[in-house]
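K.L.:
Below are the chains, spelled out letter by letter.
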Amino acid sequence: MSDHDYRPKSKVGQWFNDRLPLLTLANHLTDYPTPKNLNYWWTFGGILTFCLITQIVTGLTLAMHYIAHADMAFESVEHIMRDVNYGWLIRYIHANGASMFFLAVYIHIFRSLFYGSYKSPREIIWILGIIIYLLMMAAAFMGYVLPWGQMSFWGATVITNLFSAIPLVGEGIVTWLWGGYSVDNPTLTRFFTLHYLIPFLILGLVVLHIWALHVPGNNNPVGIDIKKPSKDTVPFHPYIVIKDGFALLMFMIVFAFFVFYAPNILGHADNYIEANPMVTPAHIVPEWYLLPFYAILRSVPDKLLGVVAMLSAILILAVLPWLDTSKIRSAVFRPLYKQFYWILVADVLILGYVGAMPAEGLYLLIARVATAYYFLHFLVILPVLGFKEKTLPVPLSITEPVLGGSPNLAAARNKESKIE
Amino acid sequence: MSEKKTKRRDFLFTATTAVGAVGAAAVVWPMIDQMNPDASVKALASTEVDVSSLTPGNTLTVLWRGKPVFIRRRTQEEIDEARKVKMEDLIHPEKDEDRAKNPEWLVMLGVCTHLGCVPLNDKGDYNGWFCPCHGSHYDTSGRIRKGPAPWNMEVPKYEFVDANTIKIG
Numbered sequence: 025m026s027d028h029d030y031r032p033k034s035k036v037g038q039w040f041n042d043r044l045p046l047l048t049l050a051n052h053l054t055d056y057p058t059p060k061n062l063n064y065w066w067t068f069g070g071i072l073t074f075c076l077i078t079q080i081v082t083g084l085t086l087a088m089h090y091i092a093h094a095d096m097a098f099e100s101v102e103h104i105m106r107d108v109n110y111g112w113l114i115r116y117i118h119a120n121g122a123s124m125f126f127l128a129v130y131i132h133i134f135r136s137l138f139y140g141s142y143k144s145p146r147e148i149i150w151i152l153g154i155i156i157y158l159l160m161m162a163a164a165f166m167g168y169v170l171p172w173g174q175m176s177f178w179g180a181t182v183i184t185n186l187f188s189a190i191p192l193v194g195e196g197i198v199t200w201l202w203g204g205y206s207v208d209n210p211t212l213t214r215f216f217t218l219h220y221l222i223p224f225l226i227l228g229l230v231v232l233h234i235w236a237l238h239v240p241g242n243n244n245p246v247g248i249d250i251k252k253p254s255k256d257t258v259p260f261h262p263y264i265v266i267k268d269g270f271a272l273l274m275f276m277i278v279f280a281f282f283v284f285y286a287p288n289i290l291g292h293a294d295n296y297i298e299a300n301p302m303v304t305p306a307h308i309v310p311e312w313y314l315l316p317f318y319a320i321l322r323s324v325p326d327k328l329l330g331v332v333a334m335l336s337a338i339l340i341l342a343v344l345p346w347l348d349t350s351k352i353r354s355a356v357f358r359p360l361y362k363q364f365y366w367i368l369v370a371d372v373l374i375l376g377y378v379g380a381m382p383a384e385g386l387y388l389l390i391a392r393v394a395t396a397y398y399f400l401h402f403l404v405i406l407p408v409l410g411f412k413e414k415t416l417p418v419p420l421s422i423t424e425p426v427l428g429g430s431p432n433l434a435a436a437r438n439k440e441s442k443i444e
Numbered sequence: 055m056s057e058k059k060t061k062r063r064d065f066l067f068t069a070t071t072a073v074g075a076v077g078a079a080a081v082v083w084p085m086i087d088q089m090n091p092d093a094s095v096k097a098l099a100s101t102e103v104d105v106s107s108l109t110p111g112n113t114l115t116v117l118w119r120g121k122p123v124f125i126r127r128r129t130q131e132e133i134d135e136a137r138k139v140k141m142e143d144l145i146h147p148e149k150d151e152d153r154a155k156n157p158e159w160l161v162m163l164g165v166c167t168h169l170g171c172v173p174l175n176d177k178g179d180y181n182g183w184f185c186p187c188h189g190s191h192y193d194t195s196g197r198i199r200k201g202p203a204p205w206n207m208e209v210p211k212y213e214f215v216d217a218n219t220i221k222i223g
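Residue numbers (our numbering), protein chains in the order written: chain A, 25 to 444; chain B, 55 to 223.
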């Protein structure tokens, strides 16, 4: 890295940079050495940054028209949809943007799981990511309450009631969260405040997440430590910028499809009925991105233990770097882990599916088996696998597997070093 | 610094920290307590309901403190069914005699004790209520019989002001 010897070319630049080294930071970000074998699964960090900015910008504009009051919230959302210029567009981008955000974050998380990006020395990056994920869920949940439809109201009731499972102080906490004896206007106004605050907390954590990333540098599909800068790396700009930009474009096509062609497909029709504390909708389901955890909650027949299981399912991720005992990062060189990885992916998808179905009969049985397997994966399979698994030989550098395939290895090496 | 002795300065550090902590707590508490129910919410503590139009076998649902309250005028069969249940069959054992002082009238919060949904009338395996959210079944006394809810539906404080009026709260 050329951080320390960087010096702006212009006199003004030097004068400014001596007083506030922003140009040094910009130079670090453009020159930042990145593994040259990063695949498209690595583009979701950039996509997620785009999602966060989109949510903040559309959220700010919506807040100019939205009224956070139990009597007016529902109407003000319809006012945005019908009267405000392009209100429908901004709201549909914001509402579907939440789903796109979660779609991207799940791919980002599962990329980490496959390539072992959470392992030493990247534990702090990973834990910051889990905190961001938790805040995303809180923001999404509170945002869903704001339109004050039936799903908003009853979703808020069910989720806040989770806290009543806490022995002794549970009921008091729920009353405190509500600011009353049920979900009502005080609840709505505080949810609006927090929904406005959380994205900026996430933004701060994203800065820390990237800062922590830039200390060891990116993991890569081979999962080995590389020398930086070296023939195994390319500068962030223009190589990764262009690749991220292309992936972002593809992502925006999917995004635009939902916004323009199926803006309500991920929502619930019940939320176009104004909140009514006297009637619960027949079938309460959270948004799709929370379904696996909802399935875990419902698969446990005890109220407190159900809540504990659901929270553990998320928090267990925070200690993942210590549960996975294998020294090899990438699943490419872990033949057994690779299989268990795909079983876990299937398991989470199954949990998501049964979470959307009524909790009875066969669905309940499947949810229980899938919940048990989820915990088995993290608490038993991963720790044991690190000791039992016979891993494949790991290359010494990113370049080696390419050169290793050459019949004339020495010649290829020689050529490579000349290019460098 | 050869030996560790309590000095005047140590006392000052401890005292300053302690006073600072008390001061911080005194500032934090109002910030936390402002989220609790305010005076205007607490003021809506009771409501009076005219039940003269209610015939046996029907339920009236009224809003009290933002929550629905079921007022059920029970039929004789429902009362008998509720009273003959053995205590050992109950998840949360409560006598029907204690829940409905006047057996014809059952007054309770229409809130499922699992996660707060409103159960449906005349539904479920026990002819009482059924919560559609996560499948809790309640009997004709509003007691939990099957499903994830841990307790019976809560009976609020109420009284008959006169023959036709119930005051809840």
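Some hints here could point you the wrong way.
Which residues of chain A face chain B? A few of them, derived with a C-beta cut under 10 angstroms, are [to be verified]:
1. T184
2. G204
3. F281
4. P382
Hint data in this document are derived by calculation from the structure and do not stem from the laboratory. Built from N, CA and C at the ideal position, the CB exists for glycine as well.
K.L.:
Please list, smallest to largest, the hint numbers that this structure does not respect.
P.N.:
Those not satisfied come down to hint 3.
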